[in-house]
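Novice: Letter by letter, the chains look like this.
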Amino acid sequence: MSAPGLFDRLGRTASVAWREFRQTVFTRAFLLSVVALPLLGAMAFTLIPLLLPDAPPPLRGEIVVVDPGSSMREVFARRLDRVMSGERSAATPDPGSDPAADALDRIYDEAERRVLSGSEISVRGESDPAALEDAKRELRDGDAVAVLEVVRAAGDPAHAAIDAIVLNVPSDMPARQVVLLERLASSAAVELTVAAAGEDLERLRDLLEPPPSQTMRLADDGGEAPERVEAKVLIPLGFMTLLWISVITSANYLLMSTIEEKSNRVMEVLLSAISPMQLMAGKILGYGMVGGILVSAYGGLAIAGLAAATLLDLVPIGHLALFGVYFLMAYFMIASMLAAVGSAVSELRDAQSLMGPVMLVMVVPLILWLPISEDPNGALATVASFVPPLTPFVMILRTTGSAEPVAAWQIAASILWGAAATVGMVWVAARIFRVGVLMQGKPPTPLELFRWVRRA
Amino acid sequence: MPHSSDDSTSIRIQGVSKRFGGHLAIGGLDLEIPRGSLCGLLGPNGAGKSTTIRMIMSIIHPDEGSLEVLGGSALAAKDRIGYLPEERGLYRKMRVGEFLRYIGRLKGLPGREAARRSGEWLERLELPGVLAKRCEELSKGMQQKVQFAAAVMHEPELLILDEPFSGLDPVNVRTLTRALESIHATGTTVLFSTHLMNQAEALCDRIVLFDRGRKILDEPLASIRARFDPRTIVAEPIERGQDPAPLRGLDGVETVTPAGDAFELRLSSEATPASVLAAAAAAMPLASASLRRVSLEDVFIDLVGERPEAIEQAQLAKAGAP
Chain F
1 MSAPGLFDRL GRTASVAWRE FRQTVFTRAF LLSVVALPLL GAMAFTLIPL LLPDAPPPLR
61 GEIVVVDPGS SMREVFARRL DRVMSGERSA ATPDPGSDPA ADALDRIYDE AERRVLSGSE
121 ISVRGESDPA ALEDAKRELR DGDAVAVLEV VRAAGDPAHA AIDAIVLNVP SDMPARQVVL
181 LERLASSAAV ELTVAAAGED LERLRDLLEP PPSQTMRLAD DGGEAPERVE AKVLIPLGFM
241 TLLWISVITS ANYLLMSTIE EKSNRVMEVL LSAISPMQLM AGKILGYGMV GGILVSAYGG
301 LAIAGLAAAT LLDLVPIGHL ALFGVYFLMA YFMIASMLAA VGSAVSELRD AQSLMGPVML
361 VMVVPLILWL PISEDPNGAL ATVASFVPPL TPFVMILRTT GSAEPVAAWQ IAASILWGAA
421 ATVGMVWVAA RIFRVGVLMQ GKPPTPLELF RWVRRA
Chain P
1001 MPHSSDDSTS IRIQGVSKRF GGHLAIGGLD LEIPRGSLCG LLGPNGAGKS TTIRMIMSII
1061 HPDEGSLEVL GGSALAAKDR IGYLPEERGL YRKMRVGEFL RYIGRLKGLP GREAARRSGE
1121 WLERLELPGV LAKRCEELSK GMQQKVQFAA AVMHEPELLI LDEPFSGLDP VNVRTLTRAL
1181 ESIHATGTTV LFSTHLMNQA EALCDRIVLF DRGRKILDEP LASIRARFDP RTIVAEPIER
1241 GQDPAPLRGL DGVETVTPAG DAFELRLSSE ATPASVLAAA AAAMPLASAS LRRVSLEDVF
1301 IDLVGERPEA IEQAQLAKAG AP
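Sequence order for the protein chains is F and P. Here the working numbering is used: the first residue of the first sequence is 1, the next is one more, and so on. Here the working numbering is used: the first residue of the second sequence is 1001, the next is one more, and so on.
Just so you know, the hints here were simulated from the structure itself, not pulled from any lab data. Certain hints may be false.
Pairwise CB distance ranges (calculated) [what the hints assert, rightly or not]: (1) Ser1008/P x Ser33/F: 19 to 27 Å; (2) Trp18/F x Gly1129/P: 23 to 31 Å; (3) Trp427/F x Arg1019/P: 38 to 46 Å; (4) Leu438/F x Gly1046/P: 16 to 24 Å.
Straight-line distance between alpha carbons at most 20 Å, and here's what the computed SDA-like set of lysine to any residue pairs gives [as the list claims (entries may be wrong)]: (5) Lys232/F x Gly292/F; (6) Lys1093/P x Ser346/F; (7) Lys442/F x Thr310/F; (8) Lys1140/P x Asp1205/P; (9) Lys442/F x Met256/F; (10) Lys1140/P x Met256/F; (11) Lys1093/P x Thr310/F; (12) Lys1140/P x Asp134/F; (13) Lys1093/P x Gln23/F.
All residues carry an ideal CB built from backbone N, CA and C; glycine is no exception.
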């Protein structure tokens, strides 16, 4: 056998990468916690109506409305019919309305309809207050479903204001049905009160609806772009959170795997077959693929959610491409740091002391999220864009959230500078890894790590 | 490299020293392991055996001196070397077959060939049916044999084993010994460290003895036996309580000392053992008479002196203590 050639060496690195990927991804724990949960979350949105509680026993009989003014019966009956027929949930949403809000409304209406599913209810009106006691007796005897008493102010009952409404129900009526009848009675009373004042309820609603508004940001160069709060704050936060979680999770797997190989003493067996560099490269690539799975799962879910809410325009394809670049940059930076930490310690608890500074750095992007979202082109954002390993996190915040585009030269410079910094960090990590993987015993001090870098 | 490699040498070490902090682990080591030999590295704990092996494997690097393995660096010859480290290591959750295939691929075997050899070696090592088991489900001895399979499955030219028999029961020691002998019979150079001197005596054709970081013996076993020949005949009379006087009068016998039921006859430098054996048998009816052979334990104590820890180590090794 001769010394392995380049392709052979790459093949062995790929073997390491595939083992790390396979041992992590094809496990029940990973599939459940990382892939299944977000997928379930996505499915839940569409399956919520199916997940709603079973319908309570249907109501059969009369609801007696005792109203000296007589008008409540008709309004209450109309509202009851709308719920029972599912008229609102089946309605086509208005063009231009908020799709997400419409979807939620439909789910809510469907839930209400289920509360009275299978019920056969008629509404009988009584204008004589003396009929109240008879109606209550019917209720106790099981002949009536409920008794709604309308208390009016003194004066002509037909025009007197409604002072109060009292809903009487049997002792065994489920709470969900009680709540629904209460709501229908209250809304009917509001409608009657508005009508008594000579107004139309729908008209009043329209009057209270704020007109469409739009804020435009005018740039110095003459350009203008609409201001959208979700685009300015939430979308960058989403991008950065996705980057942060996928990078931290996959790099953490790498840390654990390296420590496991050291504590299991399997490292020497591996190093009798491949070089430390091949091993580290294989591990970084393998967990990079794990990170790719995480990004696909969570990112895909987010994009599906945005598509459902017709908000896909908030995530142009250019942002996705930049995310890909910054993901690779962030992953290689953080993974190389954690590979170095993992190689330098023999036990997980020893890693805590070395992980402290790394985690401190990792918290910075979370702290910077709000100030950078508020001022994506300010001095803080610009300076932080060129401080590795913050570069990819800060740049993703800036590029996905700024109404005024980040200067192209800054994006290009951040990619070039970030790539150079990544190479530097991987180089330093490789030198630590080469010495560290064969060391046992107490973890090194920062000074010793520095010596390893120099002498490796 | 000061010397160019030749085909007759597997490992060449020249002037190698290694310190760990203030402790000299190996000092000024020169060593050549011929191709095709089965060489045992012996010595008490901390003598420098594992350090030497790890330097040969380029896992650690010497402070001074040079090493040549299979004509170059061990790093360049990884695929031609099989290595079983002293610290045993397996992926606990990985299945045995998967682990062996993985190591096989890292050693340059194609996937199918690695799978075929995995099964073959597990059979040879009397581990049938463990292919699909997780490593953590195996006993310590079984795990050790799996690691042995991982070290040899790519058919290396040079096999380096650090304490391969440590912790094994006698049955597994025999299984591994047979495997080692069959590998050696194919021309593979085998270098292994052990503190079990009887094991080394039975297996090796060459012995390297270490003590406190220094090589104190490096010779073929036959040469050691000749050099340290005690020139002693052990004669056991048929009847107990015999007077040794007839033996004392034999030509070529310097001294006769009782040793249990037998007598030890120390020969003069001119005497030939065969003539003294014949004369002893004629002088007294003997149940048995044999030329005493030197043991490595004797050689070890002879070389390192009467240090209590060395004697204790040699006795433990003779008793087969792990």
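Novice: Give a verdict on every hint.
Specialist: Here is how each hint holds up against the structure:
The hint said 19 to 27 Å for the Cβ distance between serine 1008/P and serine 33/F, and at roughly 59 Å that hint is violated. A hinted range of 23 to 31 Å holds for the C-beta pair tryptophan 18/F and glycine 1129/P, which are about 26 Å apart. Checked against the hint of 38 to 46 Å, the C-beta distance between tryptophan 427/F and arginine 1019/P comes to roughly 28 Å, which is inconsistent with it. Look at leucine 438/F against glycine 1046/P: about 19 Å separates their beta carbons, and that is inside 16 to 24 Å.
A threshold of 20 Å between alpha carbons decides the hint, and for lysine 232/F with glycine 292/F the separation of about 26 Å lies outside it, so the pair is violated. Taken as a hint, the lysine 1093/P and serine 346/F pair is honoured in the structure, with Cα atoms around 19 Å apart against an allowance of 20 Å. Taking the CA atoms of lysine 442/F and threonine 310/F, the gap is near 55 Å; set against the 20 Å cutoff, the hint is violated. Proximity of lysine 1140/P to aspartate 1205/P is assessed by CA-CA distance (about 29 Å); at most 20 Å being required, the pair is judged violated.
Only pairs whose Cα atoms come within 20 Å are accepted, and lysine 442/F paired with methionine 256/F is accepted, the gap being roughly 17 Å. Distance hint between lysine 1140/P and methionine 256/F is unfulfilled; the C-alpha atoms sit about 24 Å from each other, more than 20 Å. Proposed proximity of lysine 1093/P and threonine 310/F is contradicted: the alpha carbons are some 46 Å apart, above 20 Å. A threshold of 20 Å between alpha carbons decides the hint, and for lysine 1140/P with aspartate 134/F the separation of about 87 Å lies outside it, so the pair is violated.
In summary, the hint linking lysine 1093/P to glutamine 23/F is supported, as the alpha carbons are separated by about 9 Å, within the 20 Å threshold.
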